[in-house]
Amino acid sequence: MPEVRTEEMLINMGPQHPSTHGVLRLFLTLEGEIVKDVRPYIGYLHRCFEKHTEAMTYPQVIPYTDRMDYLNSMSNEWSYVLGLEKLMGIEVPERVEYIRVVMAELQRIASHLVALGTYGNDAGAFTPFLYSFIDREKVLELFEITCGARLLYNYFWVGGLSHDIPANFQSKVKAFIKEFEPNIKMYNDLLSYNKIFIERTANTGILPLDVAINAGATGPILRASGLKYDLRKDEPYSIYHKFDFEIPVAEQEVGTVGDSWNRYMVRIKEMVQSLRIIEQAIDNIPEGDVSSAVPKRVKPPVGEIYSRTETPKGELGYYIISDGSLNPYRVKARSPSFVNLSILPKISKGHMMADLVMILGSLDIVLGCIDR
Amino acid sequence: MGILNRLDSRIEQFETGNLMITSVDKLLNYARLSSMWQMFFGLACCAIEMMATSASHYDLDRFGIIPRPSPRHCDIILISGTVTLKMASRIKRLYDQMPEPKYVLSMGSCSNCGGPYWEHGYHVLKGIDRIIPVDVYVPGCPPRPEALLEGLLKVQEKIRTQSIAKQIKKA
Amino acid sequence: MDINDVYNLLKKVFEDGIGELKTGIPVEDCIYVEAGKIEAVCFFLRDEERLQFDALMCLSGVDKDKTTLTTVYHLYSYALKHRLTIKVDVPKDNPVVQSVYQVWSTAEWHERESYDLLGIKYEGNPDLRRILLPEDWEGHPLLKDYKVQEFYNGMKVPY
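Those protein sequences? They're chains A, B and C, same order as listed.
Letter 159 of the first sequence, counting from 1, is numbered 158 in numbering that gives the first Met the number 0, and no numbers are missing.
Letter 76 of the second sequence, counting from 1, is numbered 75 in numbering that gives the first Met the number 0, and no numbers are missing.
Letter 3 of the third sequence, counting from 1, is numbered 2 in numbering that gives the first Met the number 0, and no numbers are missing.
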């Protein structure tokens, strides 16, 4: 048989592509179906967050943090206000802390539900998407009765919250937990342990732990590579030290530690833990005023801080420099998706192009967070 | 008899046989507005609300609005989010690839006018109408799914009043 | 190890390469390092038994004042669970810093971003192009004296 001559093929995937989760462009070098090289091109959603912060007062920045990672606005705000509170030395009332924890964990569930649904969608299973959005709607309703918005809340203020929770909030959250808990098993049956899904995701895109740390992976991706590390436990902020919860890491259950399936599965397990935290917090919310510690003018002293929290996507950090005026001198956002996406070329070489979609989906990126 | 009710009252029906008379425009418009295929295309935060609208809770499918991955299948493009200058030329190209007649729905403040990024957003296009014509604007940041649905119904209303037959005659 | 010990250790190894230790500003202390030594210092910080800074949390560029640009490195050690802030000052007329890409691959994109938005050049970065803005964009937006261009590709930029 004569030798078959093959040539490398250059293919553009995106910026308009159904499985790039937004406006991401991947420039692929293929040899047949095999991915030789991936070069992500980002910036199609660069909305100049950092320039805005320099022109705004401190509280005015909060709505812009919402719009960075629009799937977990609550956590975005939290990281920012936490930094300012530390810088200004504000003691936040206990009631506020409890409500923040509940909100952030609900948001984590909502964010992971989108990750789950769209990941199933990437794999060609449309049904989990429809189910997960039913559950997500229930979470959004809880946010809506509290602060009036479904997606972008401006809820966490420096030193407090914009609104107190309504009277029926606790009972509604408990009803949600009751409804949602059995559904996790349903998702596992529908998707997680589905034979086809496992075939598609297990053993693809393996990210070894040393590479993960060196490349700065955080959140579920780091944990899926086997490191039991979570800022909520290892650098506890707010009142997370009061709650009893586990940090899910990849186990030798299906596939290899660090592969796409494990990255997906860590998120499912995290939802269970989030429910546990909410269950512990929801009954113990102390009485009090949620806006008693909100300063009239947010004017931090000259100084700087790098504050970080554990968002559903990973470590979100804000590097805030204050020059003592009402506007921040510089706010740099270290977004988890930005760093996580930069790992994609490292883990997708040598895979089939169809697997690349699954590897990209397992990173659970949000373009708003990457491009800011 | 849903189809008869929705077409028009001026429709003429005969007692025997499956026969009815209406204008070509009415029938064509009815067909077009009940199957507005939408471009599978999300930009920013509004895209999440768009996804929520097309998911089970709000169920966009009942209006015949189905996302299609290729612009050549599509009747309507939802500009769901902030359009940056880097993305603008791509959107223009996508729009150009859609077959006529095509409709544009601008969803959310960002694509209407630049939204919260109007002043300092050096990389944000201040309104999608600067590059492509818009049929319906939906305000909000992001608009609720109900608002998006209303916007889509407005597009349907627009289609209902148009005349393809006249255009063909002219040509 | 607290920051004074780290500083003394670095000073002993790198002598002139290490600038001053800045403490007392609220919340975070930092160590200044010379732009030409930063890669060696970072290798040392990563590999030294007592420090083990195995992760770069964040790399940010800052327009410090009229003449200086700063690169700020936030380091973290997963092994020893401690953190450190390092700063490198460079003059605006020749903003060249050594890349730390070889030390932590996180730095590659962060350096590109800093180059894109502030114009700091990272020597040794394998792919130093604009990352967020288009290739043909004029200027570096995060500089305090940035004037936005009137048109880009025929589209008006200001409102």
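FYI, nobody ran anything at the bench for these hints, they're computed from the structure.
It is possible that some hints are incorrect.
Straight-line C-alpha distance at most 20 angstroms; calculated PhoX-like pairs for lysine-lysine [what the hints assert, rightly or not]: (1) K91/B to K155/C; (2) K155/C to K227/A; (3) K232/A to K80/C; (4) K120/C to K63/C.
Just a sample of chain B residues kept apart from chain C, beta carbon distances all over 10 angstroms, derived [unchecked claim]: (5) L84; (6) E118; (7) L124.
Keep in mind that this is a model prediction, so the values were computed, not measured.
Glycine included, C-beta positions come from ideal geometry on N, C-alpha and C.
Hints and how they fare:
As the CA atoms of K91/B and K155/C are separated by approximately 15 angstroms, the hinted pair is consistent with the 20 angstroms bound. At most 20 angstroms may separate the alpha-carbon atoms for a hinted pair to count; K155/C and K227/A exceed this at roughly 50 angstroms. At roughly 12 angstroms between alpha-carbon atoms, K232/A and K80/C fall within 20 angstroms of each other, so this suggested pair holds. Restraint check for K120/C and K63/C: satisfied, since their Cα atoms lie roughly 16 angstroms apart, inside the 20 angstroms limit.
At roughly 5 angstroms, the least C-beta separation between L84/B and chain C is not larger than 10 angstroms, which violates its mark as non-interface. A cut-off of 10 angstroms between C-beta atoms contradicts the statement that E118/B is not in contact with chain C; the least separation is 7 angstroms. Some Cβ of chain C comes within 10 angstroms of the Cβ of L124/B; the nearest lies about 6 angstroms off, and the non-interface call is violated.
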